[in-house]
Amino acid sequence: DVKVTQSSRYLVKRTGEKVFLECVQDMDHENMFWYRQDPGLGLRLIYFSYDVKMKEKGDIPEGYSVSREKKERFSLILESASTNQTSMYLCASSPSLVKTQYFGPGTRLLVL
Amino acid sequence: GENVEQHPSTLSVQEGDSAVIKCTYSDSASNYFPWYKQELGKGPQLIIDIRSNVGEKKDQRIAVTLNKTAKHFSLHITETQPEDSAVYFCAAPVTGGFKTIFGAGTRLFVKA
Numbered sequence: 005d006v007k008v009t010q011s012s013r014y015l016v017k018r019t020g021e022k023v024f025l026e027c028v029q030d031m032d033h034e035n036m037f038w039y040r041q042d043p044g045l046g047l048r049l050i051y052f053s054y055d056v057k058m059k060e061k062g063d064i065p066e067g068y069s070v071s072r073e074k075k076e077r078f079s080l081i082l083e084s085a086s087t088n089q090t091s092m093y094l095c096a097s098s099p100s101l102v103k104t105q106y107f108g109p110g111t112r113l114l115v116l
Numbered sequence: 140g141e142n143v144e145q146h147p148s149t150l151s152v153q154e155g156d157s158a159v160i161k162c163t164y165s166d167s168a169s170n171y172f173p174w175y176k177q178e179l180g181k182g183p184q185l186i187i188d189i190r191s192n193v194g195e196k197k198d199q200r201i202a203v204t205l206n207k208t209a210k211h212f213s214l215h216i217t218e219t220q221p222e223d224s225a226v227y228f229c230a231a232p233v234t235g236g237f238k239t240i241f242g243a244g245t246r247l248f249v250k251a
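Protein chains in written order, with my numbering: chain A, 5 to 116; chain B, 140 to 251.
Simulated from the structure, these hints should not be mistaken for lab results. Don't take each hint at face value.
Derived, one-sided and incomplete: chain A residues facing chain B with beta-carbon distance under 10 angstroms [claimed, not checked]:
1) VAL8
2) GLN10
3) ASN35
4) PRO43
5) GLY44
6) LEU45
7) TYR54
8) ASP63
9) PRO65
10) THR104
11) PHE107
All values reported here derive from a predicted model rather than from experimental measurement. No residue lacks a Cβ here, since even glycine has one placed at the ideal position from N, Cα and C.
Pulled out of the complex, with its shape left as it was, chain B reads as follows:
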């Protein structure tokens, strides 16, 4: 079946450093790739997304890159801050179906 793999499962960085989280997907027809952030005690919230007609999208300190040939996309957080500490999920829709598959999540720790 369709799958989304996410790495690493845990990431610890020093405040001010960059963090990168990577995902690969299996459905070559997928065309929408969101990233969600889940803070403690809350549901996931969309932080950025990218569609298949662009290779990169940036919003202040966060950016997402997409390589359709290799079927992978990445989340980049620059100048990390303690409030970036959370669990991050990537996702991709199943084409022709009615669902989105989520990665297993990455727990990011930003040390002050």
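Extracted from the complex, chain A is given alone in its bound form:
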């Protein structure tokens, strides 16, 4: 079974802090994604990566950056956390950009 793990289930941070969310997949998938999930808005794509060191902006990249130094690991970085970044963050991986995505359990981030 594909396994996608996220470093934290819950995080509480203060405004202005730099926040790192880590995601690891164990199926050698080329593609990895970061979404944020907010009530009534579904899943919105922040960034995705189709190869090591490659990244593309999604629909809402402002305030975020990403890093993919190794194939199995995709990190989301909030350079200076703000209260409007309080949300559920979901990582996913996929063998193809238009096939099934496998999601991690999510990280619920609260920015105070």
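Dock chain B against the given chain A, drawing on the hints supplied.
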């Protein structure tokens, strides 16, 4: 831009009844339509998908139908059970791009 609309946002049914969730998409070239189920505290998981060369696909109590002319697809759950209670997302890829657009989600309640 490309869009996926999902209805209803909330659905409440009695155990044993059927549930139907509908989605429309805008990219006429989309050719893959997955449905994900998200249980409380977990990431979304694929439950069924359909490709554009078929009109219907069934897996035990769940089925998906696709109408390419009208650009809509639906999830049907028969003989609902309490464990079907979850949030369901439809999705469609953006052709020529590198992403999948998700619907806003439907929260299904199955009352025992």
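Quick rundown of the hints versus the structure:
1. VAL8: Since the shortest Cβ distance to chain B is 7 angstroms, the answer is holds.
2. GLN10: holds (8 angstroms)
3. ASN35: Holds, about 8 angstroms.
4. PRO43: This interface hint holds because 9 angstroms falls under the 10 angstroms limit.
5. GLY44: holds (6 angstroms)
6. LEU45: It holds, given that the least Cβ distance between LEU45(A) and chain B is near 6 angstroms, below 10 angstroms.
7. TYR54: holds (6 angstroms)
8. ASP63: This hint holds: ASP63(A) lies near chain B, its Cβ roughly 8 angstroms from the closest one there, short of 10 angstroms.
9. PRO65: Nearest chain B Cβ about 12 angstroms off; hint violated.
10. THR104: holds (5 angstroms)
11. PHE107: holds (3 angstroms)
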